[in-house]
Amino acid sequence: MHSTRSSVTEMTAPLLSIRNLKTCFPTRAGLVTAVDGVDLDLYPGECLGIVGESGSGKSVTFASVIGLVRSPGYVAEGTIRFDGTDLRNLEAEQWRQLRGRDIAMTMQDALTALNPALTVAEQIEEVLLAHATDLPRKGRWEAARARAVEMLRLVGIPAPDKRIDDYPHQFSGGMRQRIMIAIALSCRPKLLIADEPTTALDVTIQAQVLDLIGDLRRELGMSVVLITHDLGVVAEHTDRVAVMYAGQVVEIGPTQELISQPKHPYTRGLIGLIPRLSDLDAPIKPIEGQVPELIGLGGICRFHDRCDYRLPQCRSDIPMVAVGPGRQARCIRAKENLS
Amino acid sequence: MKPLALIGRIAQLLPVLLGVSVIVFVMMALTPGDPVEIMLADQQATPEQAQALRHDMGLDRPALERFGIFIGNALTGNFGLSFFHRRPVFDVIAERLPATIELTLAALLLALAISIPLGVVAAVKKNRLVDRLAAIGSLFGVSLPGFWFGIILIILFAVQMRWLPVSGRMDFACEVAPITRLMTIDSLLRGRPDCFADALSHLILPALTLALPMAAVLTRVQRAAMLEVLRSDYIVFAQAKGLSRRRILWRHALKNALVPTVTVAAIETGSLLGGNMVVETVFGWPGLGRLVVESIFVRNYPLVQAAVLLYAVTYVLLNFVADILYTLLNPRVRL
Chain A
1 MHSTRSSVTE MTAPLLSIRN LKTCFPTRAG LVTAVDGVDL DLYPGECLGI
51 VGESGSGKSV TFASVIGLVR SPGYVAEGTI RFDGTDLRNL EAEQWRQLRG
101 RDIAMTMQDA LTALNPALTV AEQIEEVLLA HATDLPRKGR WEAARARAVE
151 MLRLVGIPAP DKRIDDYPHQ FSGGMRQRIM IAIALSCRPK LLIADEPTTA
201 LDVTIQAQVL DLIGDLRREL GMSVVLITHD LGVVAEHTDR VAVMYAGQVV
251 EIGPTQELIS QPKHPYTRGL IGLIPRLSDL DAPIKPIEGQ VPELIGLGGI
301 CRFHDRCDYR LPQCRSDIPM VAVGPGRQAR CIRAKENLS
Chain B
1 MKPLALIGRI AQLLPVLLGV SVIVFVMMAL TPGDPVEIML ADQQATPEQA
51 QALRHDMGLD RPALERFGIF IGNALTGNFG LSFFHRRPVF DVIAERLPAT
101 IELTLAALLL ALAISIPLGV VAAVKKNRLV DRLAAIGSLF GVSLPGFWFG
151 IILIILFAVQ MRWLPVSGRM DFACEVAPIT RLMTIDSLLR GRPDCFADAL
201 SHLILPALTL ALPMAAVLTR VQRAAMLEVL RSDYIVFAQA KGLSRRRILW
251 RHALKNALVP TVTVAAIETG SLLGGNMVVE TVFGWPGLGR LVVESIFVRN
301 YPLVQAAVLL YAVTYVLLNF VADILYTLLN PRVRL
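Residue numbers (the numbering used here), protein chains in the order written: chain A, 1 to 339; chain B, 1 to 335.
If we strip away everything but chain A, and leave its shape as in the complex, we get (with noise of 0.2 Å):
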């Protein structure tokens, strides 16, 4: 249901396109490059999984794009383009008119990204308000207030009419997830950014969440990067995938390709992290190691140390070869038929 598009929407222009993305978080320890050359893009409608351990760099990337990488941190070189905007000249005033319009954004906890102090009325209305032009000029607020309404039944919050007016901590912890997502949608955005939607969820109401983001993406038209640690996730719900690794693109391509014959050691490491319903009894193999400081690294093949599949020459930059029709892989060895 998800296969074909990858080839489809390489025909068109991309939504989103970073090149060379270096974002740096200087620490005593010394200068953290988190994020180090990613090149990704987006194409207009498609579900881009973004997977990677935490650390890897994920979060960091899209906080980048939309221009809120927490201080000290900050974007040291590379080029955002967004619907032929340069992200990376925005003045403060066009930023604020990019987010929650254009680019909208979901986090891990609906519990601490909601304010606390104030109603889901004023946290869905104050986003029309700012941003939604078509609201008409007189009883400005009143429309806000039936389009955020009609948000939250979007969304699947029962009666939303009396519920409305609640503060967050009155709603489940799946219920402030959809609010939050209601929030992130209402004004159509053209791409949403959903950072680990499901992590701070129950597993049975997971599915349910990434369904809803699923029908709304359809719904509304719009590009989703899921960000997630979970490759389960990522093999049901998106187009294509990019896993990530210390900070570096690891290996890309369509999402049931690259799960069904992986091509970079970290992917194949991850996917052995999988049970599978057909072996229950197979044991789950942990990859041994641990990421790397990301403090002064290049030279050398960031998996290295953890990698079974190693050689000489994996002391050097790495490249991202192509692998295939839209599949690329940062390794030596990826042309390879490894087992």
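Calculated directly from the structure, the hints in this document are not laboratory data. Worth double-checking, as some hints may not be accurate.
Stated by the list, open to error - One side only, chain B facing chain A, incomplete, derived with CB under 8 Å:
| hint | residue |
| --- | --- |
| 1 | Asp233 |
| 2 | His252 |
| 3 | Asn256 |
| 4 | Asn330 |
Virtual Cβ for every residue (Gly too), placed ideally from N, Cα, C.
Fit chain B to the given chain A structure using the hints.
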């Protein structure tokens, strides 16, 4: 607020009041000095006359008995006669109270008006010049003694520049029929802007003196609370929503960061009562604080006891108000 919780709060008052009564009574009893001697100081009274006066005021009875009588009367709302005024203590205090309330409220408003914006700006401009200046200002605010700061203000604005009156509460020319007995409000209600200006000019220096240490503390509280809030996820999310910086700061952040400030302010208002005694004395403000100071000097036991009890009740009530404000600002908490 449930009625049961309210009753519990009121019940808490009783032990506090009893304890305060005992302490004040013992301290006054242990303080050297005899009100009768002070009263008769300039008069050629015979020992018999002094004894008669002492008997008249009940001071010849044993301390324990006097305490019992005081408690018994206090429970019925009778605080006795003020030694010097020869009028019920209750009336004397009621006469002086509005001036103190007016001064305290003005100081509280002033302290909030200074500290909330300053604390927010200091947090936003953390470690920059404004923040440093606010920190130095706060240090001065808590360190400078009120009487000194008050005198400096008088010298500067009243004596040198002659912008403001030296002392008192109102010019004699302004006779406004009382409504609330707060001069600023009454003069407005009676449509006398000239008297309002006069009342305000008398009020501003003592209120500023009283407000300064409180503003200093509240600025630090507001800054710390704001820094904490600005780190939270909902501020990042608010930014991601494309809200204006003004709305993020003054609505999203401040509504959460006000909680500690307001609760501390309510409790600190109690400490303004103590500050009142100094400030009212320096500025000749005809309020309760000055009355208490004068009464202590002349060993006017009934008045001091009643006033201290009033302070204690006010303090407990302010704590109660702090709790209520806390729940109002923080929808997650219910009493």
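Measuring from the C-beta of Asn256 (chain B) to each C-beta in chain A, is the shortest one below 8 Å? Check passed: Cβ of Asn256 (chain B) comes within 5 Å of chain A, closer than 8 Å.
Holds or violated: is the Cβ of Asp233 (chain B) closer than 8 Å to a Cβ in chain A? holds (4 Å)
Holds or violated: the hint that Asn330 (chain B) contacts chain A, with Cβ atoms closer than 8 Å. holds (7 Å)
Let's test the interface hint: is any C-beta of chain A closer than 8 Å to that of His252 (chain B)? Cβ of His252 (chain B) sits 5 Å from chain A, so the hint holds.
The structure is consistent with each of the numbered hints, conforming to all of them.
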